[in-house]
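Order-wise, the sequence lines are chains A, R, E and Y. The first sequence begins at 1 in the numbering used here and counts up one residue at a time. The second sequence begins at 1001 in the numbering used here and counts up one residue at a time. The third sequence begins at 2001 in the numbering used here and counts up one residue at a time. The fourth sequence begins at 3001 in the numbering used here and counts up one residue at a time.
Because the hints were derived from the structure by calculation, they are not lab data. This structure is a prediction, so every number in the text was calculated from the model and none was measured. Any given hint could turn out to be false.
Beyond 12 Å from chain E on every Cβ pair, some chain Y residues (computed) [stated by the list, open to error]: (1) R3058; (2) P3061; (3) A3069; (4) P3093; (5) D3114; (6) L3115; (7) G3129; (8) A3240; (9) N3249; (10) F3257; (11) R3281; (12) A3311; (13) R3340; (14) V3349.
If you want a taste of the chain Y side facing chain R, the calculated C-beta under 7 Å gives, among others [to be verified]: (15) A3155; (16) A3158; (17) P3298; (18) I3299; (19) Q3300; (20) L3301; (21) L3302.
All C-beta atoms, glycine included, are put in the ideal place defined by N, C-alpha and C.
4 protein chains.
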Amino acid sequence: MDRIRIGLIGGKPGAFIGDAHRMAMLLDGEIELVAACCSSDPERARAAGVVLGLAPERCYPSYQDLLRAEAALPPEQRIQAIANVTPNAVHAPVALAALRAGFHVIADKPLCMDLAEAEALVTAVRDTGLVFALTHNYSGYPMVKQARELVASGALGAIRKVVVEYPQGGLARALPRAVAQGDLAALEALRVPQKRTARSACMADIGTHAAQLAEYVTGLSIDQVCADCDPVVPGRELDADAHVLLRLNGGARGILFASQIAAGEENPLAIRVWGEAGGLRWRQMEPNTLELRKPGEPIQLLRAGGAYNSAAAKAATRMPNGHPEGYIEAFATIYRNAARCIRAHAAGVAPDAIAADVPSVADGRHLMAVVEAVADSAAANSAWTPVPRFD
Amino acid sequence: MDRIRIGLIGGKPGAFIGDAHRMAMLLDGEIELVAACCSSDPERARAAGVVLGLAPERCYPSYQDLLRAEAALPPEQRIQAIANVTPNAVHAPVALAALRAGFHVIADKPLCMDLAEAEALVTAVRDTGLVFALTHNYSGYPMVKQARELVASGALGAIRKVVVEYPQGGLARALPRAVAQGDLAALEALRVPQKRTARSACMADIGTHAAQLAEYVTGLSIDQVCADCDPVVPGRELDADAHVLLRLNGGARGILFASQIAAGEENPLAIRVWGEAGGLRWRQMEPNTLELRKPGEPIQLLRAGGAYNSAAAKAATRMPNGHPEGYIEAFATIYRNAARCIRAHAAGVAPDAIAADVPSVADGRHLMAVVEAVADSAAANSAWTPVPRFD
Amino acid sequence: MDRIRIGLIGGKPGAFIGDAHRMAMLLDGEIELVAACCSSDPERARAAGVVLGLAPERCYPSYQDLLRAEAALPPEQRIQAIANVTPNAVHAPVALAALRAGFHVIADKPLCMDLAEAEALVTAVRDTGLVFALTHNYSGYPMVKQARELVASGALGAIRKVVVEYPQGGLARALPRAVAQGDLAALEALRVPQKRTARSACMADIGTHAAQLAEYVTGLSIDQVCADCDPVVPGRELDADAHVLLRLNGGARGILFASQIAAGEENPLAIRVWGEAGGLRWRQMEPNTLELRKPGEPIQLLRAGGAYNSAAAKAATRMPNGHPEGYIEAFATIYRNAARCIRAHAAGVAPDAIAADVPSVADGRHLMAVVEAVADSAAANSAWTPVPRFD
Amino acid sequence: MDRIRIGLIGGKPGAFIGDAHRMAMLLDGEIELVAACCSSDPERARAAGVVLGLAPERCYPSYQDLLRAEAALPPEQRIQAIANVTPNAVHAPVALAALRAGFHVIADKPLCMDLAEAEALVTAVRDTGLVFALTHNYSGYPMVKQARELVASGALGAIRKVVVEYPQGGLARALPRAVAQGDLAALEALRVPQKRTARSACMADIGTHAAQLAEYVTGLSIDQVCADCDPVVPGRELDADAHVLLRLNGGARGILFASQIAAGEENPLAIRVWGEAGGLRWRQMEPNTLELRKPGEPIQLLRAGGAYNSAAAKAATRMPNGHPEGYIEAFATIYRNAARCIRAHAAGVAPDAIAADVPSVADGRHLMAVVEAVADSAAANSAWTPVPRFD
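Please take these sequences and the hints and turn them into a complete structure.
Shown next as structure tokens:
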């Protein structure tokens, strides 16, 4: 097994999402981190490289330098892919530049700022034929994959109802007090006070995870939304709380709510799905259990590591059951699958079904369309608003 | 202590809600069941009376007979109140007749069929000065009372967001199959296939419990609704699934969903409330725990029986903590409080604050207004619809 | 249905266990409380009777008066049974007197003070042929009955291991401080500072519940014990903490621990049983769920009210699933079954299997033998000590 | 930061414990795996090296070759430490050889086969001054560290009682059937049918984790044991089920049970500790929560990532709260701390307190003494047996 060589753009050490990407890369030993541009400040970029144990000459002062210099290295040395862990506002330009330079892209979500950027990215991926993986990491959990499998297998019958929720508390505090109290998420918000993001900030930040989870598990697509969004906290310009009624293709209905003002909440992303023949529930904070309910039968708790799980769920499980795996492992599954897609690409073959199971640039475009439809509906006093579909 | 004498109308033995009312009456030893009209069939009424251990002469063939004959008994023998456990369609006429006959009323929810009936009931209660208690039994749970107290005390700061949910599975099955399989709820539905109820059946049946819980806990009132309702199951005429966005007075927003097609669910009514300073969660199926979350602090689990609970919560708790109380006990608290209101009425004094804490006819009218607004919004493609207010 | 008429001895209103017995009697409407001697002080006995709504002439100043006077009433008026809710030290004399007066007995646990008293009770019950029910109320829970059924049906294969635990915190505090702080259990302990009870106070108070639960669920009998017991809290003379290794008939092994010094605990009696083919777990504080684990299969949560439960479990369930029942309901099932045994006795027939499922005087004697064996083992530096068997 | 270079002995890819060690090494990017002898078969050793992406010349056919060849490499290339993931029976010889060759050792538990080997290892570590870290990985969990901190800070008062439990089901099946059904753990058992291990196999395999956890959290030491052990499954020679009463220094008492025949269980290692002023509970399968109970107060759930946690707990947490970390992360904390000890050793300084918090060779010796005392007690019909103390 040759390790895939990756260059990291953004994601400086010590920041949550940067650390998550880095550990996710390293966990399975299939990827090597060999270059980085963690900061546009050359001093800081160098310092970060030392912390990461990188060769000094591969700690670049700008992402453009990274792409250029790496492209100039011999094929067996240069990076094969970039990990795009930059702020939302530069997701698209960085990814486009990387694709044009011939590098595969593993990209943090949301895909970009708007549907126009999303279109450009879809086109670039199609034109270059390169691998593009979007780190909707929650779909890397084994019991999410098992939930998807249960639905696909018909265990629940036709799906009628979906409730997906993502209440967080990071933006609950009024801004100045948050600073005084050192609240990380609020500080982050302050630093870029009205941060550049999609038109619904709450949907872009966390609602896309919820939407992706709902669609991944059910295999359905959100067709229409009826949304009520609000900044809630005085002084915020962008929404921090989104309530959305859903209509999905095939007639299922549902609810998505995402909130950053749910004071005291951690990260309890959760989904419930009900079909004609039963229901399931999965909760991110107890990710190794999947509840399955069928009328008249005992509740079943399917567990990560269970012999009864699908091949996809098993492939996303590293330890025997009862040895809890978590967020980093699920994230690592996205990276590992992407690495295997890249290895398959190098070999000129199609990746196997398990490796191919990574959120794509087309998924990212659809999710940007959902974000925009939510923003449109909220702006139109919660009028039902269609989500545009792409071939 | 004199026991309050009650006559039961409807609520035949063996039916869920009849049994619940009867056990709730008896539990605390403050009420005596002395008369009944459990069936309009004289044979069945007599048989039911025997099962309940009643004197044969007080097992009446019609509710009119019951009211007339009891009114003719000497004051120290005759019933003081009726328990109205009839089908929704006759809630109002039975209650009105009882009030006019001079009897207090303890009434199953929903209050009645529509706002016009509700107005008549409010008027009759005002005119007679009699006690009227509506059995929104979930507000009888001690930790619901503690939740209300926490919000009222400002422990969460100003309330920003409420999510109340009530997914049940009783109507999930297609109708004919349900009959074949002996599904109780579906049979019930079949027996009165398009049963006479309010315009949103799902809201009337269970959504009113959710709405009452949300308002009871937060002290806020639902001002506007944006609803999407659906029968879901082919062959049903009335809705069985209701998704509702909420706007409450004071600016809080929220979600209410009630469903009777959530296959495999039991009775997981639950509420979450978030304010500026924290959040709380209560779940009916684990009713003795109340979760309290404050940013930066350990999660607190308040428990029924805890010394730290409010007087109202303590009064609704019969056993030391760790000795679980449940549905019947919460229901009994409504009955006990109503009995104490009746005793106070007899003594010509006002009931104390704890006894007075029973859902009123005015609450019932407001909840009928919510039901109708939901039906209106759903009929208007989810347009935001105001809930009329009464002074 | 005629209600069974009961006289209450001990169990004054406001005390936990008195309230529990009284509500348990009343819940199902099959029993009438018609006489009482709640206190040996005539004033207090009268006052208690008023609170309970009893006829003044049937509020007796002593239990002897109660037995004598009731026996003198016409058969259709006099009590049929007593509820013996006296302190442990007088359990036996009160029960013996009641049996001799021709009354059935429903008795709080433990049966009595020692094995000699237990023998006398067994003899008296045999000689009189009267009904004797011991309120090991935890065996009244539906999911405990379902657990017993699963084991009996062979679902777990041969039983290999049992862990039963009962950690409470009531006696954790040093005594004087507890008084100052109004701790109920500690006060109770103080009132009878070195209270008269069996030789292992902790086993008598709560350990018998654990032992009864273990044997009821597994159908096995504790054969030998190896125990380490300790007062723990300075100033206590009797043990408050018991650790016991178990050997059961048929070769299963296990652990029983009971503690009254587990500071902060409520009432988390719990049992786990493992056999060749799987394991189960039940917890009193979430009593409506029974966990069943089989190697290689999803965990099953069986729920009170589930259509798949046994007839015994269903008979002990009053509400549809998801409507939690608790401690009082389980206690009431013991009373209801006892009432039905008494009704069968009056009719000269054997009770049906479900009614007959109440802990017996012979069970009480065996449990006293377990208590004494634990005390003996603890006194012998944890030597394995046999529990005597009775034919 | 220079990465610590490690050579892996044993732990072939695909085997649970090998994978755990390897991912634990890699996760934090502070360690490089550069050499291995995963098999004594040269072909297999080479193949494993390829899977791991190692240089072919550093995939050695024997551990002796590895030690010799690596020692001959220039200091900046050669390994600094070995990871000893061999079978129990060769733990000691491999570790001794590595220490003698000048390499630090990170060793899987149990330390070795018996107390004599343990003494030799303690001496070798003392004589060489090298780092020796024993992977009692459960003490790497942040909430275990927080539990230790709470006890040390006096939050529970003097400790009175400990219950630590480790029921697994891997050896529940009769041996031949297990093979037929492909049960991994049973196969493993079969392959070395009466596997070479310490005198109590169950204690060596899993009981040492439980004992270490109890002592790590409480800061107390197990002084005496009273044990009942049993193979349970016909055909096994070694015990698979251990019930142990504990007496700890300072007067606390407790229970440890470890079982490999608890059919259907996964890996629910758990601990409860009670002191004068409260109790705590931690469960490995929901590792990010620590329950704290104090009489008269709400239950507190302390959560990994909470701002209120100790420095040690925070250092063992990589993600914000609500982003679950698990078994691999806890294991990685042991490796990361060991790596930092090695880095400090190289720098000639003492490691900081957080890095120094790794189970030591002396801990391993004490735990071997506990294992032997349990075996002795079980052989002596559960006589209380002292655990020898060192220095």
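Hints and how they fare:
| no. | hint | in the structure |
| --- | --- | --- |
| 1 | R3058 | holds (40 Å) |
| 2 | P3061 | holds (38 Å) |
| 3 | A3069 | holds (44 Å) |
| 4 | P3093 | holds (36 Å) |
| 5 | D3114 | holds (25 Å) |
| 6 | L3115 | holds (24 Å) |
| 7 | G3129 | holds (42 Å) |
| 8 | A3240 | violated (10 Å) |
| 9 | N3249 | holds (16 Å) |
| 10 | F3257 | violated (6 Å) |
| 11 | R3281 | violated (10 Å) |
| 12 | A3311 | holds (26 Å) |
| 13 | R3340 | holds (36 Å) |
| 14 | V3349 | holds (42 Å) |
| 15 | A3155 | violated (12 Å) |
| 16 | A3158 | violated (23 Å) |
| 17 | P3298 | holds (4 Å) |
| 18 | I3299 | holds (4 Å) |
| 19 | Q3300 | holds (4 Å) |
| 20 | L3301 | holds (4 Å) |
| 21 | L3302 | holds (5 Å) |
The earlier numbered hints that this structure contradicts are 8, 10, 11, 15, 16.
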